[in-house]
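Novice: Chain residues, written in single-letter form:
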Amino acid sequence: MTVTICRCEDITEEEIVEAIEDGYTELESLKRHLRLAMGQCQGKTCIPLTERILARKLGKGPDDMDEPTARPPSRQVSFGVLAGDEDDR
Amino acid sequence: MTDKAGAVIIGGGVNGLGTAYHLAKKGYTDVVILEKSYICSGASGRNGGGIRQQWSSSENIKLAMESTKMFEELSDELEEDLEFIQGGYLVLAFTDDELEQFKENVALQRKMGLDTEYVSPEEAKEMVPQLNISKVKAATFNQSDGTVYPFPVVHGYARVLRETGVEIREHTEVLDIETSGDEIASVRTSDGKIKTDTVVNAAGGWSSDIADMVGVELPNKPYRHEIMVTEPFARFLEPMIISFHHGIYFSQSKHGNIVGGIGNPDEKEGINQRSSLWFMRTMAKTLVDFIPQFRSVNMLRQWAGLYDTTPDAQPIIGPVPEVRRFYQLNGFSGHGFMVSPVVDKVTAELILGETPSMDIDRLSVERFEGMDLEQEYSVVG
Numbered sequence: 001m002t003v004t005i006c007r008c009e010d011i012t013e014e015e016i017v018e019a020i021e022d023g024y025t026e027l028e029s030l031k032r033h034l035r036l037a038m039g040q041c042q043g044k045t046c047i048p049l050t051e052r053i054l055a056r057k058l059g060k061g062p063d064d065m066d067e068p069t070a071r072p073p074s075r076q077v078s079f080g081v082l083a084g085d086e087d088d089r
Numbered sequence: 001m002t003d004k005a006g007a008v009i010i011g012g013g014v015n016g017l018g019t020a021y022h023l024a025k026k027g028y029t030d031v032v033i034l035e036k037s038y039i040c041s042g043a044s045g046r047n048g049g050g051i052r053q054q055w056s057s058s059e060n061i062k063l064a065m066e067s068t069k070m071f072e073e074l075s076d077e078l079e080e081d082l083e084f085i086q087g088g089y090l091v092l093a094f095t096d097d098e099l100e101q102f103k104e105n106v107a108l109q110r111k112m113g114l115d116t117e118y119v120s121p122e123e124a125k126e127m128v129p130q131l132n133i134s135k136v137k138a139a140t141f142n143q144s145d146g147t148v149y150p151f152p153v154v155h156g157y158a159r160v161l162r163e164t165g166v167e168i169r170e171h172t173e174v175l176d177i178e179t180s181g182d183e184i185a186s187v188r189t190s191d192g193k194i195k196t197d198t199v200v201n202a203a204g205g206w207s208s209d210i211a212d213m214v215g216v217e218l219p220n221k222p223y224r225h226e227i228m229v230t231e232p233f234a235r236f237l238e239p240m241i242i243s244f245h246h247g248i249y250f251s252q253s254k255h256g257n258i259v260g261g262i263g264n265p266d267e268k269e270g271i272n273q274r275s276s277l278w279f280m281r282t283m284a285k286t287l288v289d290f291i292p293q294f295r296s297v298n299m300l301r302q303w304a305g306l307y308d309t310t311p312d313a314q315p316i317i318g319p320v321p322e323v324r325r326f327y328q329l330n331g332f333s334g335h336g337f338m339v340s341p342v343v344d345k346v347t348a349e350l351i352l353g354e355t356p357s358m359d360i361d362r363l364s365v366e367r368f369e370g371m372d373l374e375q376e377y378s379v380v381g
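Chains A and B, in that order, give the protein sequences. Using our numbering, read the first sequence as starting at 1 and increasing by one per residue. Using our numbering, read the second sequence as starting at 1 and increasing by one per residue.
Hint data in this document are derived by calculation from the structure and do not stem from the laboratory.
Simulated restraints, written as ranges between beta carbons of each label pair:
no., chain 1, residue 1, chain 2, residue 2, range
1, B, P121, A, D85, 23 to 31 Å
2, A, V3, B, R274, 31 to 39 Å
3, B, G113, A, D63, 52 to 60 Å
4, A, D10, B, E366, 49 to 57 Å
5, A, D66, B, E269, 22 to 30 Å
6, B, T355, A, D63, 51 to 59 Å
All values derive from a computational prediction rather than experimental measurement. Using N, Cα and C, we set each Cβ at its ideal position, and we do this for glycine too.
Model the full structure from these sequences, guided by the hints.
Specialist: Next comes the structure, spelled out in structure tokens:
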């Protein structure tokens, strides 16, 4: 059975496990290697799930994982709004 | 973990790993790479992936031309999809001063064998129908410029290196470089000491601090530059678009996201990789001025990285007079990714005592002592 972890970028549990075995043993590296957490949801779903996979693989607790740096804006915002267009408010 | 190495490379970015890759290609694998964070955590993983040959200085043109040829082969060589697209760079002029500079740039580039063309605002609009050309005076275009996705390049190097047994030590910080006379004796790290007589300083924004450890003064200074990415959508934008007047660049990746940045002329020197509201607003305003349809496009994420900037915006490559076998590979001033293939190859050749396949004497740190510098004007972002 294929388990999808990141729906935005279509990344499976198998791909994540393989990447960890290839030496990408932290969330920041997994993100850059697989595009994990780079999609529209910005990691809301895949980061906690990947944390658990990584913790299991490394024999650590999920709370021991370093979270990737949070990047603004925390949800998608149109350039019209950011540019201050009245019509888009 | 080894406590002895033929060469220690400081910096796990594209240039550090690229140099180790070229050494490994020649059969030399007695190398340790030290990275104080994770691979690709610095500017190599924070840039816009631009591959541009349209520069104003002959050194940068030469480095970029040769590197572009090498990027054309690199996907096959690394067996990775590097998402290298040669959609060209469309460089827009907005002022009369820029027009004059562009004339000189194109003349020099053509003389060096680069196929850069002058483009009228109308021709630019034919290439990108959505482009607002109301204030554009002219443009230059080079088809073989393009973009690459930085991560698979760096991760591709790392995979090959791991397969050949080269040690890449992440989360290992260099604390000191010990010398004996004018020779390097060892590198002291947060995780033990490594004996070596050869060090490559590929530490990006931190390279001046590394050089300080052996009393070598580099003129490089780190400056924050910010960048952002949008949601992905169907590809419509072929070239990378840049304007030196606005300090903006943006392109659409193979994945469909718009990736771009804009420089802050008031940015202060220093190590700062935080995101600013100024950037978010200024980028949005400028982008919708360039392409009004972008109003409805969503920005997804912004981040920042460091330009390791030299006084003439050209890199520092090669040995230094004070310490033997201490090779510089820094000062890239915002274009270290795009020129990496050739400078990494040359650095590997220098380490092995071979004659460099490209003359890089003018990129020595010694040029800053009294010599007339050839200023690079075409920096963006």
